[in-house]
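*Asks:* Read off the chains here:
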Amino acid sequence: MTTMTARGSRRRTPGAVRRGLRRNLTAYGFLCGALICFGFFSWYPMVREFLLSFQKTNFVGPPEWVGLQNFQTVIEDSAFAQAWINTAAFTGLALVIGYAIPFVVAIVLNELRHAKGYLRFVVYLPVMLPPAVAVLLFKWFYDPGPGLFNQILSTVNLPTLSWLDSTSTALISLVLVSTWMNLGTGTLIYLAALQSIPSELYEAAELDGASLLRRVWHVTIPQTKLILLVMLLLQIVATMQVFIEPYLLTGGGPEDATVTVVYLMYQYAFSFGNFGGGGALGLMLMIVLMVFSAIYLRVSRDNQT
Amino acid sequence: MSHTVQSSGTGVRPDRPLRAVPPRGDGGGASRRRPRRNKALERREFRGLVSPHSLNTPRGRIIYWIVLVTIVVFFTAIFVFPLYWMATGALKSSEEIAQIPPTFFPTSIDFSVYAEAWDQLELGTFLLNTVIYAGGAWLFTLAIDVTAAYALSKLRPVLGKVVLALMLSTLMIPPMVILLPAYLTVKELPILGWNLLNTPWVIWLPAAANGFFIFLLKRFFDSIPRELLEAAQIDGAGSVRILWSVVLPISRPIIGVVSILAVVSVWKDFVWPLLVLPDGEKMPISVGIASLAAQMPQNVLMAALVIASIPAIVVFFVFQRSIMAGLTAGSLKG
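From first to last, the protein sequence lines are chains A and B.
Residue numbering for the first sequence follows this note's numbering, beginning at 1471 and increasing consecutively.
Residue numbering for the second sequence follows this note's numbering, beginning at 2 and increasing consecutively.
What the hints contain is simulated information worked out from the structure, not anything from laboratory work.
These figures come from a predicted structure and were not determined experimentally.
There's no promise every hint is true.
[Said to hold, decoys possible] Here are a few chain A residues that face chain B, going by a calculated C-beta distance under 7 Å:
hint	residue
1	1589
2	1599
3	1602
4	1606
5	1614
6	1680
7	1739
8	1742
9	1743
10	1754
11	1757
12	1758
A virtual CB, placed ideally from N, CA and C, is assigned to each residue, including glycine.
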């Protein structure tokens, strides 16, 4: 199959050169749409993010270089530290609640022989809803008066909570919505990974007298170690970018208890008109997230072969 | 926000080909392989963490059924009940919805709240906008990404590897981080100076700049045997013709996956349209509802949410298989 092209290119006949030129022209003809789209909407914004954080943009004249002034402005902001603490707390809580549960759910689902299709459908249903719908629905559930959650709590004679209105419960309320919306993704990915574990391993472990929990610990977890690690990193990167929950549920309140880094970035740009400050926040977040992305890249490259 | 990124495809780099692999040409090999794979599947069907033997004892069977029923009830309560509450909340009058304790079944089945939501919020306009954005994004994504992936996979131009690496590198950039520069870019496009805000282009074109789709498509095209394309070439077909009549028909499964992902991610997206489509007439449905949510009675809002989620649920119901294939295509093998 290669004879024709290989021989042609080795001899470099005028025909081959012309053909090569034509092939390249056609290829770039096909590529030009993608190059334009990536150029304008991916590559240029990536570069611009760096420029933005060192500039003052006022939309009238050309942007002005201001050095590190934008960074100074945002760091001196009282909400800055709070935003990072909230983002870290949100990510941490989301991991505590949302990281182990999908794995456990997947392990249990994998053992069932009935209603599998139904359970898989149901667990992924919230993922399919537009996030704004899920968040607005939960906003109603969190209503301290007729909201569903307080009604359930009072039916079972537990003290009711003020959910989004209290500094102590607002952040965890955000985590709950986010977990409900996203549980299905992890569950289905783990389920696919579990199905690729050879059953011989379980048989061997059982012959050695390993109990159920020991089988999970010594067979299931080592066999899914890579995917567990990848999902951990991806979840950290995804949850650290949380925006829609504070935007729609609390507006950052009460008393900055739910201001996250991306929400603060949004506020800088669209409430204060300070795109430079927003850009500085974005760049700081990017550097933090890049650390996790780099680990992720390393892990997946090491395991490629 | 967490995980939405995965479903619309970010940093994940699959290493396992999709189940649908283009025909290899030799029927013998495939048919030899098939029974073996089936047997493996069958065996896996009967063996997980718990051995089939212990499941067959009377005690094992009782435990199994207790666990199964508990899980079905629990899952229904957690994932379906909120949706039931939303749909029935929209059937209640504004007095009934504020009542404490709430009624489990609405006292009357009255769909007028839905009609009210449809008229008051102009949901028709929002829905139509969403369809236009999602449909256009789908067409642009396919037209742009399929041709690009084909060029990178089969025509292999000079610097093709560099272009591919640059495209894949965008997967490592968290999307929220470049939100502001991307907004400024569409507000005044460099060189051209166009303002794309409040036009459909602002959704369509960035949707096509998706490294994950390029990656999925290119990997699939790479697995198409060269002989097939060369045979067409000898018959005198040009590159466009080969793409259209040889590559595309074989690639239907991967194009299906990319199509679903493209439509669903535009349908679900909130932050980007919130910024770039500030005009109330141009908003897609989730942004539109969110922008009016504060001024609406609770039951009308719930009706609007139900209407906004029906298309998503229907799409999921119909394309469940492709959606789940797309999800696992985006994950590593364990």
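*Asks:* Just to be careful: measuring from the Cβ of residue 1754 of chain A to every Cβ in chain B, is the smallest value less than 7 Å?
*Replies:* For residue 1754 of chain A, the interface hint is violated, since the closest Cβ of chain B sits about 9 Å away, which is over 7 Å.
*Asks:* Double-check residue 1743 of chain A for me: the hint is only fine if its C-beta lies closer than 7 Å to a C-beta in chain B.
*Replies:* 12 Å, violated
*Asks:* With a cut-off of 7 Å, does the beta carbon of residue 1599 of chain A approach a beta carbon of chain B closely enough for the hint to hold?
*Replies:* 5 Å, holds
*Asks:* May I ask you to test the interface hint for residue 1680 of chain A with respect to chain B, counting a Cβ-Cβ separation under 7 Å as satisfied?
*Replies:* 10 Å, violated
*Asks:* Restraint: residue 1606 of chain A near chain B, CB-CB cut 7 Å. Satisfied or not?
*Replies:* This hint holds: residue 1606 of chain A lies near chain B, its Cβ roughly 6 Å from the closest one there, short of 7 Å.
*Asks:* Once the shortest beta carbon distance from residue 1589 of chain A to chain B is found, is it less than 7 Å?
*Replies:* 6 Å, holds
*Asks:* Does the interface hint hold: is residue 1602 of chain A within less than 7 Å of chain B, judged Cβ to Cβ?
*Replies:* Holds, about 4 Å.
*Asks:* Given residue 1758 of chain A as an interface hint, is the shortest Cβ-Cβ distance to chain B below 7 Å?
*Replies:* 10 Å, violated
*Asks:* Is the interface hint for residue 1614 of chain A satisfied, with its Cβ closer than 7 Å to some Cβ of chain B?
*Replies:* 11 Å, violated
*Asks:* Under 7 Å is the threshold here; is the Cβ of residue 1739 of chain A close enough to any Cβ of chain B for the hint to stand?
*Replies:* 5 Å, holds
*Asks:* Should the interface hint for residue 1742 of chain A be scored as holding, given a Cβ-Cβ cut-off of 7 Å against chain B?
*Replies:* Check failed: Cβ of residue 1742 of chain A comes no nearer than 12 Å to chain B, outside 7 Å.
*Asks:* Going by Cβ atoms only, is residue 1757 of chain A closer than 7 Å to chain B?
*Replies:* Interface hint status for residue 1757 of chain A: violated (9 Å vs cutoff 7 Å).
Consistency with the previously given hints fails for numbers 5, 6, 8, 9, 10, 11 and 12, ordered from lowest to highest.
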